[in-house]
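*Asks:* Based on the provided sequences and hints, a complete structural model is requested.
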Amino acid sequence: SQTIHQWPATLVQPVGSPLSLECTVEGTSNPNLYWYRQAAGRGLQLLFYSVGIGQISSEVPQNLSASRPQDRQFILSSKKLLLSDSGFYLCAWSVDRHTQYFGPGTRLTVL
Amino acid sequence: AQKVTQAQTEISVVEKEDVTLDCVYETRDTTYYLFWYKQPPSGELVFLIRRNSFDEQNEISGRYSWNFQKSTSSFNFTITASQVVDSAVYFCALSGGDYKLSFGAGTTVTVRA
Numbered sequence: 691s692q693t694i695h696q697w698p699a700t701l702v703q704p705v706g707s708p709l710s711l712e713c714t715v716e717g718t719s720n721p722n723l724y725w726y727r728q729a730a731g732r733g734l735q736l737l738f739y740s741v742g743i744g745q746i747s748s749e750v751p752q753n754l755s756a757s758r759p760q761d762r763q764f765i766l767s768s769k770k771l772l773l774s775d776s777g778f779y780l781c782a783w784s785v786d787r788h789t790q791y792f793g794p795g796t797r798l799t800v801l
Numbered sequence: 091a092q093k094v095t096q097a098q099t100e101i102s103v104v105e106k107e108d109v110t111l112d113c114v115y116e117t118r119d120t121t122y123y124l125f126w127y128k129q130p131p132s133g134e135l136v137f138l139i140r141r142n143s144f145d146e147q148n149e150i151s152g153r154y155s156w157n158f159q160k161s162t163s164s165f166n167f168t169i170t171a172s173q174v175v176d177s178a179v180y181f182c183a184l185s186g187g188d189y190k191l192s193f194g195a196g197t198t199v200t201v202r203a
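Top to bottom, those sequences are chains A and B. In terms of our numbering, the first sequence is residues 691 to 801. In terms of our numbering, the second sequence is residues 91 to 203.
These are calculated hints, taken from the structure and not from any lab test. These numbers come from a predicted model, not from an experiment. Keep in mind that a hint or two might mislead.
Stated by the list, open to error - Pulled from the structure, derived: some chain A residues nowhere near chain B, Cβ distances all over 10 Å:
#1 S691
#2 Q703
#3 V705
#4 S748
#5 E749
#6 N753
#7 S755
#8 Q760
#9 K770
#10 L780
To be verified - Covered stretches of chain B, as calculated for chain A (at least 3 residues, CB under 8 Å):
#11 123–132
#12 135–141
#13 184–191
#14 194–200
Stated by the list, open to error - Each computed EDC-like pair below joins lysine to aspartate or glutamate, with the alpha-carbon atoms no more than 20 Å apart:
#15 K160(B) - E149(B)
#16 K93(B) - E749(A)
#17 K160(B) - E116(B)
#18 K160(B) - D119(B)
#19 K128(B) - D108(B)
#20 K93(B) - D775(A)
#21 K160(B) - E749(A)
#22 K190(B) - E134(B)
#23 K190(B) - D176(B)
Every residue, glycine too, gets a C-beta built ideally from N, C-alpha and C.
*Replies:* Right under this line is the structure:
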């Protein structure tokens with residue numbers, strides 16, 4: 691069966707510091723991968739998606755970036771965090787390009 | 091553009107009451123998929139159900155049931171005999187030709203013992 695992992699689970703970072711969140715999927719090949727952000731008390735915002743290694747599409751221009759160095763690995767990064775980057779970051783995978791399955795999430799607080 | 095509207099922000103019920111969550115959608119795609127996800131306090135989004143636009147049969151899974159009505163662009167979700175463990179935020183979502191999930195704003199369900 692397929693499983694999706696995210697780490698870290700919780701992160702507290704100062705403004706201006708770098709960020710690296712990792713997502714890995716097991717039990718499937720060539721999945722579509724997604725990064726979402728959920729601000730406190732708000733809905734989900736799609737940040738990036740990837741249909742293959744090295745292929746990244748950005749949905750929202752911001753100081754975040756994503757990379758997919760391996761088939762089942764998706765990384766969200768920032769060179770300098772802003773206060774507005776605080777939120778709950780969710781990674782998801784899909785093989786049929788419609789149904790998405792989500793990971794446990796990373797709760798990021800920028801101080 | 092696709093749009094999903096969940097008009098109910100919060101619903102509070104007493105255990106064993108039934109709860110119906112409304113979802114209305116807009117899309118120009120003829121083929122699309124509708125979803126419900128549950129987000130418990132832990133935060134993870136749990137997939138509950140997917141329906142495609144050509145299948146309007148209602149579905150029941152245990153205490154959960156879904157009513158898809160294409161004529162009114164609605165995909166409502168009912169929890170029968172609610173339990174405290176049903177307390178969560180529930181999201182309705184739609185995926186169409188662009189393969190991106192459009193989420194509603196979510197409905198927070200609180201079930202009191």
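*Asks:* Taking the hints in turn, state whether each one holds.
*Replies:* For each hint, the structure was consulted:
no. : hint              : result
1   : S691              : 13 Å, holds
2   : Q703              : 18 Å, holds
3   : V705              : 23 Å, holds
4   : S748              : 13 Å, holds
5   : E749              : 8 Å, violated
6   : N753              : 22 Å, holds
7   : S755              : 19 Å, holds
8   : Q760              : 22 Å, holds
9   : K770              : 26 Å, holds
10  : L780              : 6 Å, violated
11  : 123–132           : holds (count 4)
12  : 135–141           : holds (count 4)
13  : 184–191           : holds (count 4)
14  : 194–200           : holds (count 3)
15  : K160(B) - E149(B) : 15 Å, holds
16  : K93(B) - E749(A)  : 16 Å, holds
17  : K160(B) - E116(B) : 11 Å, holds
18  : K160(B) - D119(B) : 13 Å, holds
19  : K128(B) - D108(B) : 17 Å, holds
20  : K93(B) - D775(A)  : 25 Å, violated
21  : K160(B) - E749(A) : 29 Å, violated
22  : K190(B) - E134(B) : 19 Å, holds
23  : K190(B) - D176(B) : 27 Å, violated
Checked against the numbered hints given earlier, the structure breaks hints 5, 10, 20, 21 and 23 and satisfies all the rest.
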